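Okay, here's what each chain looks like letter by letter:
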Amino acid sequence: MGEQRIRQIVLDIISLVAPDADLSNVRDEVPLREQLELDSMDFLDIVMELRKRYRIEVPKEDYPKLASLASCVAYLGPQLQGHA
Amino acid sequence: MAYTDRVVITGVGLAAPNGNTPEEFRRALLTGVSGITRIEVRFMGPVLAGVCRFDERKYQGAKERRRGTRAGATAIYCCHEALQRAGLPRERLHADRVGVFLGITEHGTVETENEIDVIRQHDYDTRCWSHHHNPRTVANNPAGEVTLNLKLHGPHYTIGAACAAGNAGLIQGVQMLRLGEVDVALGGGVSEATGSFGIFASFASEGALAEHEDPTKASRPFDLKRNGIVVSEGGCVFVLERLEDALRRGASIVAEVAGYAMNSDAADPVVPEPGTVAACMRLALERAGMEPKDIDIINTHATATPVGDEQEVIAINEVFGDCETVYVNNTKSFIGHAMGAAGALELAGNLGAYEDGLVHPTINLTELDPKCAMRNLVIDRPQRLAEVDYILNNSFGMLGTNSAVITRRYRG
Chain P
1 MGEQRIRQIV
11 LDIISLVAPD
21 ADLSNVRDEV
31 PLREQLELDS
41 MDFLDIVMEL
51 RKRYRIEVPK
61 EDYPKLASLA
71 SCVAYLGPQL
81 QGHA
Chain B
1 MAYTDRVVIT
11 GVGLAAPNGN
21 TPEEFRRALL
31 TGVSGITRIE
41 VRFMGPVLAG
51 VCRFDERKYQ
61 GAKERRRGTR
71 AGATAIYCCH
81 EALQRAGLPR
91 ERLHADRVGV
101 FLGITEHGTV
111 ETENEIDVIR
121 QHDYDTRCWS
131 HHHNPRTVAN
141 NPAGEVTLNL
151 KLHGPHYTIG
161 AACAAGNAGL
171 IQGVQMLRLG
181 EVDVALGGGV
191 SEATGSFGIF
201 ASFASEGALA
211 EHEDPTKASR
221 PFDLKRNGIV
231 VSEGGCVFVL
241 ERLEDALRRG
251 ASIVAEVAGY
261 AMNSDAADPV
271 VPEPGTVAAC
281 MRLALERAGM
291 EPKDIDIINT
301 HATATPVGDE
311 QEVIAINEVF
321 GDCETVYVNN
331 TKSFIGHAMG
341 AAGALELAGN
351 LGAYEDGLVH
361 PTINLTELDP
371 KCAMRNLVID
381 RPQRLAEVDY
391 ILNNSFGMLG
401 TNSAVITRRY
411 RG
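Going line by line, the protein sequences match chains P and B.
Per the working numbering: the first sequence = residues 1 to 84.
Per the working numbering: the second sequence = residues 1 to 412.
Hints are computed from structural coordinates only; laboratory data are not their basis.
As the structure is a computational prediction, the values presented were derived from the model and not from experiment.
Just to be clear, a hint being listed does not mean it is correct.
[As the list claims (entries may be wrong)] Chain P side only, calculated, beta carbon under 8 Å to chain B, not exhaustive:
(1) A18
(2) P19
(3) D20
(4) M41
(5) L44
(6) M48
(7) R51
(8) K52
[As the list claims (entries may be wrong)] Straight-line distance between alpha carbons at most 25 Å, and here's what the computed BS3-like set of lysine-lysine pairs gives:
(9) B:K63 <-> P:K65
(10) B:K217 <-> B:K371
(11) B:K63 <-> B:K151
(12) P:K52 <-> B:K63
(13) P:K52 <-> P:K65
(14) B:K58 <-> B:K151
(15) B:K371 <-> B:K293
(16) B:K63 <-> P:K60
(17) B:K225 <-> B:K371
The C-beta atom is built at its ideal place from N, Cα and C for all residues, glycine as well.
Could you build all of it, start to finish, from the sequences and the hints given here?
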C-alpha cells in the first residue's frame, strides 16, 4: 500500500473523529495536535478505528508514533501491507 | 432564604415531536397536529414513535455531538433556547450560580444497545467497545453535557423518576432556588427513548405498545379503542428564578410555580394507585394554598394504556369530581409519551393558556371509555375560558412515583 493511500486512510479516520476539522492543509511533519484540535479521547478514537477497520492493535507505548501524519504513515505502513 | 420564596418560570426551551419552540408546539396543540410517525427500530422493524426534528447543530459542534448522546444534544438545545427566551444569554450568567436539574426516565439504554451492536459486528470483541461509553451512560450525562457546552459551574445532575421525571426536574430546580444553592435553575426533563429497541420491546411484551394504521391516531388516551403507549423522545427545560431576582432584572414572567408534590404508591411496579395519586394532587393544592375548584386546567398524565388511564380518572374524579369549572386535557394524544420529558413538555404545552385563554384539546378521542368519563374533558377542539389562572400538571411513573405541579398566572 502506497504512502499516499496510508495518508488518506489516516485523514479519513480523523475526519470521522473530528468532523469539524479542516483537513485541507494538514502538514505531514507537524504534530496533528498542533494543527487540529485533537485531545487524548480523539487519539483513542483513532486507535479504535484502526482496530475496527484494519484489525491493527496499537499498544499504548506506541501512541506517540501517531503524533504526525508522517509518523502515522511510517508506523502504519508495515501493518497495513496486505490490505487493499 | 425561605421555603416560601416565590419561584417563577422566566424562559422555556423545548423539543417536541410536533414543534421545536414553545410557540410552534402550542400552535400544533391548538390545531390538532400530531407528531407521531412510523420509524424503523433495530430488531423491531417499523414502530410508531414521536421523533423530534430540532437542529442538533444549532448550539453544538459536530465533534461534541459525536461524543455525546441524543439526550445530551436535546438538553443542550432546550437549555440554550430557554435561556435565550428568558433574556439570559451566557455572558449574563454567573456560571457558578446556575444549576442544571434534568429528569430522566432512564439513561444509557440507547448507548449500551448501540455498543452491543458495534461489537456484534466485530465478533463480540470487547476491545471494540467505545471508551465514550462510560461518559455517555453515567446517569448525569444529559445535565453534564449542558454544563460542558455552556461552561456552567453550578451543580448538575439528573433525577431518575420514571415518567414523572420532567416534573421532578422542575421541582428540584424550585427546591435548589429555595435552598439558596443556585440563583438560576435549568429544570425539566429529557428523553432519547426512541433510540432504544429495548424500550419498545418491553412495552410490546407488556401488551402496552400502541398500534394503529394511521400513526397520528395511535395515541388515544381515554378512548375505548386505546391500545397502549406511543414511545417518544423530546426535551423541555424551564429557566427558574426566585421572583425577586426575576423582578430585579426586569424579566418577563411566564408563570409562577404555585405548588408541587411527589409521593409513592408502594403498590404495583406499573399500575398507578388512585388513592396515592389523589393524595399527591391534594398535597400540591394544599402547598399552593388552594382548593380543587381553583384549578382551571388539569393536564393529565394518561398514556393510553387500558388500566393506567382508568386509575388516573378515578383519582381526578375523587379530587375534582364536584368542580364545575375545572377543565381536563391530555397532551400525549398529540406527541405520545416523551418519557423523562413528558411532564415538563406537557406543562409547557399548556402555559400558553395564560396568554390565549384556550385549553388545548385531547385528540383521537372518538369513543370515550365510560370508565374514563370526567367532567369538562376537552375533546378535539380548544375550549376558550374567560381566564386561565391555575394549571395542574400530572405525571406518574413506574414503581409508583407520582408528581403534580401547579402553576399560577403571575399577577404581581
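Outcome of the hint check:
1. The criterion of a C-beta within 8 Å of any C-beta in chain B is met by A18 (chain P), whose closest approach is roughly 5 Å, and the hint holds.
2. Restraint check, P19 (chain P) versus chain B: the minimum CB separation of about 4 Å is within 8 Å; hint holds.
3. Taking 8 Å as the C-beta cut-off, the interface hint given for D20 (chain P) holds, the closest approach to chain B being about 5 Å.
4. With its C-beta approaching chain B no nearer than about 7 Å, M41 (chain P) sits inside the 8 Å limit, and its interface hint holds.
5. Evaluation of the L44 (chain P) hint against chain B yields a held restraint, the C-beta minimum of about 5 Å falling below 8 Å.
6. Interface hint status for M48 (chain P): upheld, as the beta-carbon distance to the closest one in chain B is roughly 7 Å, under 8 Å.
7. Because the smallest distance between the Cβ of R51 (chain P) and any Cβ of chain B comes to about 6 Å, under 8 Å, the interface hint for this residue holds.
8. At about 6 Å, the closest approach between the beta carbon of K52 (chain P) and any beta carbon in chain B falls short of 8 Å, and the interface hint on this residue holds.
9. Proximity of K63 (chain B) to K65 (chain P) is assessed by CA-CA distance (about 23 Å); at most 25 Å being required, the pair is judged to hold.
10. At roughly 20 Å between alpha-carbon atoms, K217 (chain B) and K371 (chain B) fall within 25 Å of each other, so this suggested pair holds.
11. A threshold of 25 Å between alpha carbons decides the hint, and for K63 (chain B) with K151 (chain B) the separation of about 17 Å falls inside it, so the pair holds.
12. Taking the CA atoms of K52 (chain P) and K63 (chain B), the gap is about 19 Å. The hint holds against a cut of 25 Å.
13. A C-alpha spacing of about 19 Å is found between K52 (chain P) and K65 (chain P), which places the hinted pair at or below 25 Å, so the restraint holds.
14. For the hint linking K58 (chain B) to K151 (chain B), the alpha-carbon distance of about 17 Å falls within 25 Å, and the restraint holds.
15. For the hint linking K371 (chain B) to K293 (chain B), the alpha-carbon distance of about 22 Å falls within 25 Å, and the restraint holds.
16. Distance restraint check for K63 (chain B) and K60 (chain P): the Cα-Cα separation of roughly 23 Å lies within the 25 Å cut-off, and the hinted pair is therefore satisfied.
17. Using a Cα cut-off of 25 Å, the hinted pair K225 (chain B) and K371 (chain B) holds, with the two alpha carbons roughly 12 Å apart.
Of the numbered hints listed earlier, not one is contradicted by the structure.
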